[in-house]
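Please put together the full structure from these sequences, using the hints given.
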Amino acid sequence: DVKVTQSSRYLVKRTGEKVFLECVQDMDHENMFWYRQDPGLGLRLIYFSYDVKMKEKGDIPEGYSVSREKKERFSLILESASTNQTSMYLCASRDSFGGAEAFFGQGTRLTVV
Amino acid sequence: DQQVKQNSPSLSVQEGRISILNCDYTNSMFDYFLWYKKYPAEGPTFLISISSIKDKNEDGRFTVFLNKSAKHLSLHIVPSQPGDSAVYFCAASSTGTYKYIFGTGTRLKVLA
Chain A
1 DVKVTQSSRY LVKRTGEKVF LECVQDMDHE NMFWYRQDPG LGLRLIYFSY DVKMKEKGDI
61 PEGYSVSREK KERFSLILES ASTNQTSMYL CASRDSFGGA EAFFGQGTRL TVV
Chain B
1001 DQQVKQNSPS LSVQEGRISI LNCDYTNSMF DYFLWYKKYP AEGPTFLISI SSIKDKNEDG
1061 RFTVFLNKSA KHLSLHIVPS QPGDSAVYFC AASSTGTYKY IFGTGTRLKV LA
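Chains as they are written, first to last, in this note's numbering: chain A, 1 to 113; chain B, 1001 to 1112.
It is possible that some hints are incorrect.
Straight-line distance between alpha carbons at most 30 Å, and here's what the computed DSS-like set of lysine-lysine pairs gives [as the list claims (entries may be wrong)]: (1) B:K1071 to A:K57; (2) B:K1068 to A:K3; (3) A:K3 to B:K1037; (4) A:K55 to B:K1005; (5) B:K1037 to A:K57; (6) A:K13 to B:K1037; (7) A:K71 to B:K1037; (8) B:K1056 to A:K55; (9) A:K57 to A:K71.
Hints listed in this document are in silico derivations from the structure and should not be mistaken for laboratory results.
In structure tokens, the structure reads:
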């Protein structure tokens, strides 16, 4: 059974903290993604990675960075957390350019206070 | 600019009836489309997909229709069941790109 695992289901952090969200996939997928989901805005792409150490900005990269040192692991970093980064964060992985579905993790509900 | 639009934020349907969820897109380069279902506090799960070379794909109670000229796709659920109550997202991709563009979602409520 395919699996994308996010390290935390719920997280509460203080404004200004550096926050790490971890994601691991066991499907040997090249492509990994970080989305955030907000009411009325759907899923918005923050960053994606198409190979180890390769990354590209998505639609809303400001305030975030990512790291992919190993194929199976993709980390999202909030450099200095702010209250407008309170959201549901979703990691996904996908096998090939086209004709393949993306598999999602269970999500991390992050609250910044 | 929203390339994938789901104009109905919510939909209520009686159990046993048909649910029709709609999605419009603007980018004519999109050639692969998917529907995902999401329960609260869970990640989205894949439901069904369709390639632009087809106009219909069916999987059990779920059928997706694609109208390329209108840049429109729809998901039909027949018969609807209370367990189908969730948020449904459509997503689009084009060959040679890595990412999916998601719509804003439609919350479906199936009434028992």
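Hint check:
1. B:K1071 to A:K57: holds, 27 Å
2. B:K1068 to A:K3: violated, 33 Å
3. A:K3 to B:K1037: holds, 17 Å
4. A:K55 to B:K1005: Roughly 27 Å separates the two Cα atoms, so the pair holds.
5. B:K1037 to A:K57: Cα-Cα ~25 Å, so holds.
6. A:K13 to B:K1037: holds, 29 Å
7. A:K71 to B:K1037: Holds, at about 27 Å.
8. B:K1056 to A:K55: violated, 35 Å
9. A:K57 to A:K71: holds, 18 Å
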